[in-house]
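Protein chains: 2
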Amino acid sequence: MNKKAIVLSSGGIDSTTAMAIAKAEGYEIYSISFNYGQRHSFELKKASEVAKFFNAKEHLIIDIDLRKIGGSALTSDIEVPKYRSQKSEVRSQNIKIKDSRLSTIDYRLSTIPVTYVPARNTIFLSLALAWAEVLEAEDIFIGANAIDYSGYPDCRPEYIKAFEKMANLATKAGVEGKSHIKIHTPLINLTKGEIIKKGISLGVDYSLTSSCYSPDKDGNPCGLCDSCHFRLKGFKEAGIKDPLIY
Amino acid sequence: MNKKAIVLSSGGIDSTTAMAIAKAEGYEIYSISFNYGQRHSFELKKASEVAKFFNAKEHLIIDIDLRKIGGSALTSDIEVPKYRSQKSEVRSQNIKIKDSRLSTIDYRLSTIPVTYVPARNTIFLSLALAWAEVLEAEDIFIGANAIDYSGYPDCRPEYIKAFEKMANLATKAGVEGKSHIKIHTPLINLTKGEIIKKGISLGVDYSLTSSCYSPDKDGNPCGLCDSCHFRLKGFKEAGIKDPLIY
Numbered sequence: 001m002n003k004k005a006i007v008l009s010s011g012g013i014d015s016t017t018a019m020a021i022a023k024a025e026g027y028e029i030y031s032i033s034f035n036y037g038q039r040h041s042f043e044l045k046k047a048s049e050v051a052k053f054f055n056a057k058e059h060l061i062i063d064i065d066l067r068k069i070g071g072s073a074l075t076s077d078i079e080v081p082k083y084r085s086q087k088s089e090v091r092s093q094n095i096k097i098k099d100s101r102l103s104t105i106d107y108r109l110s111t112i113p114v115t116y117v118p119a120r121n122t123i124f125l126s127l128a129l130a131w132a133e134v135l136e137a138e139d140i141f142i143g144a145n146a147i148d149y150s151g152y153p154d155c156r157p158e159y160i161k162a163f164e165k166m167a168n169l170a171t172k173a174g175v176e177g178k179s180h181i182k183i184h185t186p187l188i189n190l191t192k193g194e195i196i197k198k199g200i201s202l203g204v205d206y207s208l209t210s211s212c213y214s215p216d217k218d219g220n221p222c223g224l225c226d227s228c229h230f231r232l233k234g235f236k237e238a239g240i241k242d243p244l245i246y
Numbered sequence: 001m002n003k004k005a006i007v008l009s010s011g012g013i014d015s016t017t018a019m020a021i022a023k024a025e026g027y028e029i030y031s032i033s034f035n036y037g038q039r040h041s042f043e044l045k046k047a048s049e050v051a052k053f054f055n056a057k058e059h060l061i062i063d064i065d066l067r068k069i070g071g072s073a074l075t076s077d078i079e080v081p082k083y084r085s086q087k088s089e090v091r092s093q094n095i096k097i098k099d100s101r102l103s104t105i106d107y108r109l110s111t112i113p114v115t116y117v118p119a120r121n122t123i124f125l126s127l128a129l130a131w132a133e134v135l136e137a138e139d140i141f142i143g144a145n146a147i148d149y150s151g152y153p154d155c156r157p158e159y160i161k162a163f164e165k166m167a168n169l170a171t172k173a174g175v176e177g178k179s180h181i182k183i184h185t186p187l188i189n190l191t192k193g194e195i196i197k198k199g200i201s202l203g204v205d206y207s208l209t210s211s212c213y214s215p216d217k218d219g220n221p222c223g224l225c226d227s228c229h230f231r232l233k234g235f236k237e238a239g240i241k242d243p244l245i246y
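If you read the sequences in order, they're chains F and H.
According to our numbering, the residues represented by the first sequence are 1 to 246, in order.
According to our numbering, the residues represented by the second sequence are 1 to 246, in order.
Read the hints as simulated data drawn from the structure, not as lab findings.
Careful, some of the hints might be misleading.
Restricting the straight-line Cα-Cα distance to at most 25 Å, the calculated cross-link-like pairs of lysine-lysine (DSS-like) are [said to hold, decoys possible]:
{"id": "1", "chain 1": "F", "residue 1": "182", "chain 2": "F", "residue 2": "161"}
{"id": "2", "chain 1": "H", "residue 1": "172", "chain 2": "F", "residue 2": "165"}
{"id": "3", "chain 1": "F", "residue 1": "68", "chain 2": "H", "residue 2": "45"}
{"id": "4", "chain 1": "F", "residue 1": "3", "chain 2": "H", "residue 2": "68"}
{"id": "5", "chain 1": "F", "residue 1": "161", "chain 2": "H", "residue 2": "182"}
{"id": "6", "chain 1": "H", "residue 1": "68", "chain 2": "F", "residue 2": "182"}
{"id": "7", "chain 1": "H", "residue 1": "241", "chain 2": "H", "residue 2": "217"}
{"id": "8", "chain 1": "H", "residue 1": "52", "chain 2": "F", "residue 2": "68"}
{"id": "9", "chain 1": "F", "residue 1": "68", "chain 2": "H", "residue 2": "172"}
{"id": "10", "chain 1": "H", "residue 1": "52", "chain 2": "H", "residue 2": "4"}
{"id": "11", "chain 1": "H", "residue 1": "161", "chain 2": "F", "residue 2": "165"}
{"id": "12", "chain 1": "H", "residue 1": "172", "chain 2": "H", "residue 2": "161"}
{"id": "13", "chain 1": "H", "residue 1": "68", "chain 2": "F", "residue 2": "172"}
{"id": "14", "chain 1": "F", "residue 1": "161", "chain 2": "H", "residue 2": "217"}
{"id": "15", "chain 1": "F", "residue 1": "165", "chain 2": "H", "residue 2": "165"}
{"id": "16", "chain 1": "H", "residue 1": "233", "chain 2": "F", "residue 2": "68"}
{"id": "17", "chain 1": "F", "residue 1": "52", "chain 2": "H", "residue 2": "68"}
{"id": "18", "chain 1": "H", "residue 1": "3", "chain 2": "F", "residue 2": "68"}
{"id": "19", "chain 1": "F", "residue 1": "172", "chain 2": "H", "residue 2": "165"}
{"id": "20", "chain 1": "F", "residue 1": "161", "chain 2": "H", "residue 2": "172"}
If the Cβ cut is set under 8 Å, some of the chain F residues that face chain H in the computed set are [unchecked claim]:
{"id": "21", "residue": "44"}
{"id": "22", "residue": "57"}
{"id": "23", "residue": "58"}
{"id": "24", "residue": "71"}
{"id": "25", "residue": "73"}
{"id": "26", "residue": "78"}
{"id": "27", "residue": "112"}
{"id": "28", "residue": "114"}
{"id": "29", "residue": "122"}
{"id": "30", "residue": "153"}
{"id": "31", "residue": "154"}
{"id": "32", "residue": "163"}
{"id": "33", "residue": "172"}
{"id": "34", "residue": "219"}
The beta-carbon is built from N, C-alpha and C at its ideal position, and this holds for glycine as well.
Work the whole structure out from these sequences, hints included.
Here's what the structure looks like:
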């Protein structure tokens, strides 16, 4: 029997590629997604398609209403910023911004953006950890990336390491010395372009994925939010056409 | 303005006493409880009464269906063991068990019992952490106890310390160096009797609390599960009558 891997899946580029890597390493896939009150809940539909694509043994969708906690543009009525990343890049080149569209946007350059969902990866990894205990799995895959990302604190390698340490103290298996939980972050040091190239080499069909924070009612991406920005940048770097229509 | 404390509340002895301690230390109370599919959801009613008793600024109840994950007698159809603790104590005194009621019980002596909910404290603390970020609070109180408890891995001091470390890497405040999350465990080294004496000295009304894993439909405690066992033992040690009717 293959070893079991729990894979956190948002139906986006990163988690889908992480799932492809787990599959290629011979794991049996247990996909877990979260219906957390995100405005882009269209991603759950894509996550299900992705789970099917990889013949996941199970795809669990956990409902957890993070809107009650709030604090993020993704789980409240705060508007998702457009052009934020573009503006950050302009700033980092020390160029004076002249685009009038940019001047009215609420953003904090070089800081954590309003799309950050407080403690999201910690909450999701905790639930994945619970499922790992029940399945007696030791391996959790997360598509966290610390290169082409929005600066979220819970995507950094030192955070992942601290979570893994905590996880091994939190659980039954840790106490009984029977197993060791490992948090796999195969994408942590890759650029978005490298992630896409890796996925393509493993046969990923990226038309099944969705990345946009603010898609229209049919799920079509806006092309302007941080997440679309990094996706498009990645495909450009990889020299591949994004199969989605913008 | 008082400092804000997030207090995890189950409406039981420990979390209620932890809330009393936070209150006595001058914190403004933000109580958080979880509707996680527990068979003893009666505790949520009591948690609301406790929050009112301490004039909590807010009492948040987060819905999260841990039944989908399962793996525990508290969130599945596995039976809650009776007499488990009593039997463990008999065993620890190396006395041969003669009570025929005990011989049919599924339990694992000196190991983690079936009432353990996988990663529960990690999930709950993660959600408390998210709320702390939104409220810009730095202090989270949890009534974890490593003396008179069921041997759950996520009640141990080394676990709490690892969670705190992870929390400070997970969050915005940690990155920006603005604040420092502290997980307060004021009860971690107290016996149940000491906890109750402490609570009484702070004016806690324990008739508002509920501890039983398997109460009847009116919320009356069974008196036989682990949780009732430790509660009754605590009141006995404290020389105080439990106000609940068994």
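Holds or violated: residue 161 of chain F to residue 182 of chain H, with C-alpha atoms at most 25 Å apart: Given that 25 Å is the threshold and the Cα spacing comes to 19 Å, the pair holds.
Taking 8 Å as the limit, does the beta-carbon of residue 122 of chain F come near enough to a beta-carbon in chain H? holds (4 Å)
Residue 71 of chain F as chain H interface residue, shortest Cβ-Cβ below 8 Å: holds (4 Å)
Could you check if residue 163 of chain F really has its C-beta closer than 8 Å to a C-beta on chain H? holds (5 Å)
With chain H as the partner, please determine if residue 114 of chain F meets the hint condition of a C-beta pair closer than 8 Å. violated (11 Å)
Would you mind confirming whether the straight-line C-alpha gap from residue 241 of chain H to residue 217 of chain H stays at or under 25 Å? Holds, at roughly 23 Å.
Within 25 Å, alpha carbon to alpha carbon, are residue 68 of chain H and residue 172 of chain F? holds (19 Å)
Verify the proposed pairing of residue 3 of chain H with residue 68 of chain F, using a straight-line Cα cut of 25 Å. With Cα atoms ~21 Å apart, residue 3 of chain H and residue 68 of chain F stay inside 25 Å; holds.
Restraint check, 8 Å cut-off on beta carbons, for residue 44 of chain F near chain H: violated (14 Å)
Residue 219 of chain F as an interface hint toward chain H, with CB separation required under 8 Å: violated (25 Å)
If you take the shortest Cβ to Cβ gap from residue 57 of chain F to chain H, is it below 8 Å? Result: violated, 15 Å to nearest chain H Cβ.
Starting from residue 3 of chain F, check that the Cα of residue 68 of chain H is at most 25 Å away, please. holds (21 Å)
In this structure, the hints that do not hold are numbers 14, 16, 21, 22, 23, 25, 26, 28 and 34, in rising order.
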